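The hints should help you fit chain B onto chain A, whose structure is shown.
Line by line, the protein sequences give chains A and B.
1 is the number of the first residue of the first sequence in our numbering; add one for each residue after it.
1 is the number of the first residue of the second sequence in our numbering; add one for each residue after it.
Think of the hints as simulated: they come from the structure by calculation, not from any bench.
Since the structure is predicted, the reported quantities are computational estimates derived from the model, not experimental observations.
Virtual Cβ for every residue (Gly too), placed ideally from N, Cα, C.
A couple of the hints might just be wrong.
[What the hints assert, rightly or not] Pairs of lysine-lysine residues, derived as BS3-like cross-links and limited to a Cα-Cα distance of at most 27 Å, are as follows:
| # | chain 1 | residue 1 | chain 2 | residue 2 |
| --- | --- | --- | --- | --- |
| 1 | A | K167 | B | K71 |
| 2 | B | K80 | A | K20 |
| 3 | A | K224 | A | K147 |
[To be verified] Part of the chain A face toward chain B, derived, beta carbon under 7 Å:
| # | residue |
| --- | --- |
| 4 | G8 |
| 5 | K167 |
| 6 | E174 |
| 7 | I177 |
| 8 | L178 |
| 9 | E181 |
| 10 | P308 |
| 11 | D309 |
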Amino acid sequence: MVSRPHGGRLINRAVTGRRKEALIEEASQLPKVEVTLEMAVDIENIAYGVLSPLEGFLNQEDYLHVLQDMRLSNDTPWTIPITLDVDPEEVAGVEEGDDITLTYLGKPLAIVKVEEIYGWDKKEHASKIYKTLDPAHPGVEETFRRKELFIAGPLDLIGEVPNPYEKYTLRPIETRILFREKGWRSIAAFQTRNAPHRGHEYVQKAALTFVDGLFINPLIGRKKRGDFKDQVILEAYEALIKHYYPKEVVVLAILRTEMRYAGPREAIHHAIMRKNFGCTHFIIGRDHAGVGNYYGPYEAWEIFKEFPDLGITPLFIREAFYCKRCDDMVNEKICPHSDRDRLYMSGTKIRELLSRGESPPEYMMRPEVAEAILRHGSPFIE
Amino acid sequence: MKVTGQTDMNDERKGRYTTVSIPVVLYNKIKELIRDTGFTSVSQYVAYILREVVAAHEEAKMAEPFTEEDKRRIIDRLRKLGYL
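So that you can see chain A by itself, here it is in the shape it has in the complex (with noise of 0.2 Å):
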């Protein structure tokens, strides 16, 4: 059976029909803001149930909450503050209880009926999300670029973000239909943002002889210099499936949103995200969300300890390499050899070698998958 939605409710706020129109006229006469691809992506995501049980942005209690204890104010899991950021004199005149219109490029997106502006703390904010005040870190930096005041209150979606990858788009309420129609009752999600190595492959095949289906998610948004390009991704992936995969367990499907790089505590909002898409179980590999060295390797396996009410189960599989003695992939626990019969997937060689044009070794990468990749003249963001 898939997962039960996050909160016990799929939310849908996504309005058709004739309240739509009345809705897409009504924006015209309300006050406007205008939000960021990213925010846009977010508002998308709580209309279709993604970051169900949010019905809107936080308001300043559940914010707080999040912030503090990793839950919302009714005790429901939930360690990412999902915000809506404006300047006050974006908002000037707007009191609480009044409706607001958000546009993207000019459009309106959706009607926000405002509960509650409140001020936030950057530094507190910053150093509970991602451990750490560092500028470097692109959390903090992000942090530190947001505006000074929040909206909260429930949104109506009466528009659409321009999606250039609307094949690969699936709504919650989408992929809980394919797994049933598939006849899975158990599905593991594969979170990446990476074209796939190996190791990925290893950890995927790892999780499938356990489950019935495997969801591979890949994030598509905002990401940072050096990530792969969100076409590569999908061609590379395209590769991967058509070549070494049986088709019938493999759904590859996109998540829109951006990467926050809050290592442990986004792990926790990674694995809800996906029981919303109907998943029961969530690959957890080694740094998952990290970024430099702000995170231990396995500290976004431990913090799963802390979410027995989680409601998705997490497959932590360890790192895979190629052991020459064992002639095969494998990992840490499975093999008694030494370093010295040990080959690990490196993310920075493979990116300089394909940077280079050259294709890694086949015990890195599937020649398929890198030929997908190098039909690209630049695979990477700049």
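Here is chain B on its own, set in the frame of chain A:
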């Protein structure tokens, strides 16, 4: 675990934490049980166990989040996209 007082069943509490009573013997056993486990207090352990129990109860109450019409429309889209 025993909640103190009969009126508590109708008592909606406010604030972040509240107190429930358990027998001292049980408290001492739990204190011993959690030694060197990473739990820092009996309260933390009891909250952990109760969250697990509550989550299991809620899991059993799951309802379909979609109608038959939703299902037909979505299956049609999934076929067009090649997922089915």
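Structure-inconsistent hints, enumerated in ascending order: Of the numbered hints, all hold.
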